[in-house]
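There are 4 protein chains.
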Amino acid sequence: MAIQVSVCGPRDCTDEDESNAREVGRLLAERGAVVICGGYAGVMAAVAAGARSAGGTVVGVLSRPDREQANPDLSVVIPTGVGEARNGIIANSGDAVIVIGGSWGTLSELALAMRHGRVPVVQLGGWRILDHEGRPVPGVRHVSSPEEALEATGLWA
Amino acid sequence: MAIQVSVCGPRDCTDEDESNAREVGRLLAERGAVVICGGYAGVMAAVAAGARSAGGTVVGVLSRPDREQANPDLSVVIPTGVGEARNGIIANSGDAVIVIGGSWGTLSELALAMRHGRVPVVQLGGWRILDHEGRPVPGVRHVSSPEEALEATGLWA
Amino acid sequence: MAIQVSVCGPRDCTDEDESNAREVGRLLAERGAVVICGGYAGVMAAVAAGARSAGGTVVGVLSRPDREQANPDLSVVIPTGVGEARNGIIANSGDAVIVIGGSWGTLSELALAMRHGRVPVVQLGGWRILDHEGRPVPGVRHVSSPEEALEATGLWA
Amino acid sequence: MAIQVSVCGPRDCTDEDESNAREVGRLLAERGAVVICGGYAGVMAAVAAGARSAGGTVVGVLSRPDREQANPDLSVVIPTGVGEARNGIIANSGDAVIVIGGSWGTLSELALAMRHGRVPVVQLGGWRILDHEGRPVPGVRHVSSPEEALEATGLWA
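Residue numbers (my numbering), protein chains in the order written: chain A, 18 to 174; chain B, 18 to 174; chain C, 18 to 174; chain D, 18 to 174.
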């Protein structure tokens with residue numbers, strides 16, 4: 018079975034997030050990884066487009082029970098019908114989780130991935146989390162480029 | 018995007034179910050369809066093995082949050098962590114649903130596929146459902162061979 | 018903690034189902050049991066109305082993420098937002114499961130309750146399930162009145 | 018139907034979190050609100066104990082499909098069996114959400130409540146979220162005592 022990497026990010030993202038997502042998708046596909054994403058617009062569409070441009074496989078794990086609003090670059094679509102509970106499914110499905118950009122939905126995916134604690138979680142841009150004393154909560158690997166994001170997963174070390 | 022067909026069936030299945038599942042998997046892969054299944058043993062393992070033998074893509078939508086007990090022939094694995102709620106996800110994910118053999122879990126998948134009513138549901142062997150007057154509840158397409166199962170989906174008409 | 022009984026049944030039900038559901042709700046409340054139901058119309062509304070008429074507690078486990086279409090007799094509402102996956106939650110939540118009437122959604126609840134196999138499942142009216150040789154699949158306790166339904170749960174033996 | 022308030026917080030919490038949770042539970046019960054919580058130890062157990070001490074109703078929405086590890090102060094138990102997907106169900110079930118203390122699971126509940134955006138979200142202690150420019154992400158109402166937490170919900174204004 019191929020390596021799987023979940024890529025999370027907001028529907029409404031910045032241009033930089035979108036560009037980063039496209040490049041992360043392309044790099045993952047070049048290394049033969051299957052990309053798991055939320056299947057809609059924004060970061061989800063960009064990572065799918067990037068992976069597809071390199072001939073990769075992209076799975077869209079949708080919140081809706083049907084294919085409405087799914088982006089056009091998915092190889093496989095899983096219309097879960099479980100709403101935002103699909104965020105945890107995405108968090109569970111990667112050998113690593115890469116988070117690009119920030120939103121409440123994206124934060125829930127990051128938190129659920131850290132909660133299960135089974136795989137590396139890498140963050141490129143987006144929000145920061147501080148504990149009650151104002152210190153960064155440890156665990157997430159912060160990077161500043163798509164190349165570093167892949168490296169930080171440790172999957173190709 | 019490729020056609021997707023969900024194939025459901027019990028972990029503890031008969032030899033005939035297993036043989037049917039393997040052949041359904043093989044035929045689906047030959048026609049280029051992605052197979053969606055529950056990812057564990059029995060009918061799930063047989064349809065995966067059949068599809069893989071013909072070079073097909075098989076997605077295992079697991080109840081567990083990890084890959085334990087997943088069968089070895091999956092191309093993509095989605096460890097949902099939502100328990101039996103994953104049965105509805107499988108029912109939602111096909112352009113058609115093929116049910117092979119009978120068990121309570123399998124019946125829940127058949128019922129959920131009929132409940133959403135969006136795609137053809139085909140049954141090969143397994144249980145029968147009668148209404149309160151003893152008449153077969155209409156809707157499910159009953160067939161008696163793997164070839165008929167694919168034909169009854171109407172996807173290649 | 019009080020005894021909890023899940024009562025399942027279709028939105029579009031017969032007059033007899035509705036009358037049975039109302040009486041089951043009333044009897045459960047009289048015995049101090051909390052009623053768990055799907056929270057919408059038909060059997061779900063009737064069992065809630067019956068329980069409330071006797072001062073009982075009724076929990077509606079909704080498929081939607083909000084309270085739209087919830088019936089007016091719920092004491093507590095759980096808007097799961099997980100769609101039909103809520104059927105399994107209802108099946109999990111009772112010390113017994115009583116099924117009244119038949120529909121595909123209802124059948125999925127019955128099947129999921131039998132699948133987990135932890136509690137008695139009682140059926141009043143509705144559909145019948147036969148195995149591949151045409152024999153009734155064992156396990157469900159069939160009854161013909163609301164009083165018998167409560168008795169068959171074994172919870173007040 | 019009574020007002021419902023979801024209270025989220027970690028299993029492994031500080032003494033202060035536990036004391037706050039107990040007091041929040043007591044105050045909610047005194048005002049007649051139903052408390053929705055995750056049903057296990059730590060903040061979840063403390064809020065349940067507090068509410069029960071004042072005669073309140075407490076619903077435990079469990080990740081497991083059974084009642085193992087549930088705390089002893091629940092009035093109603095919903096063993097969802099959907100794992101961490103139950104976090105979103107808790108976030109959906111309150112007319113307000115009060116978050117006490119910090120953990121990754123707790124953060125996912127806060128994020129999912131902010132994601133759906135339907136009700137006030139109040140935070141007492143715990144983690145802070147900054148955007149990519151280091152500014153607090155707006156929306157969560159931060160308070161410093163149980164009394165202020167109830168006031169900040171706006172439900173009794």
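Don't read these hints as lab results, they were simulated from the structure.
In this text, a Cβ means the ideal position worked out from N, Cα and C, and glycines have one as well.
Any given hint could be a false lead.
What the hints assert, rightly or not - Derived contacts from chain D toward chain C, CB cut-off under 10 Å, selection only:
| no. | residue |
| --- | --- |
| 1 | ASP83 |
| 2 | ARG84 |
| 3 | GLY98 |
| 4 | VAL99 |
What the hints assert, rightly or not - To spell it out: a stretch of chain A is covered by chain D in this simulated footprint if at least three of its residues, at any positions, have a beta carbon under 8 Å from a beta carbon of chain D; those stretches are:
| no. | stretch |
| --- | --- |
| 5 | 35-44 |
| 6 | 50-58 |
| 7 | 85-92 |
For each hint given before, does the structure comply? Return the numbers of the non-compliant ones in rising order. Those not satisfied are hints 5, 6 and 7.
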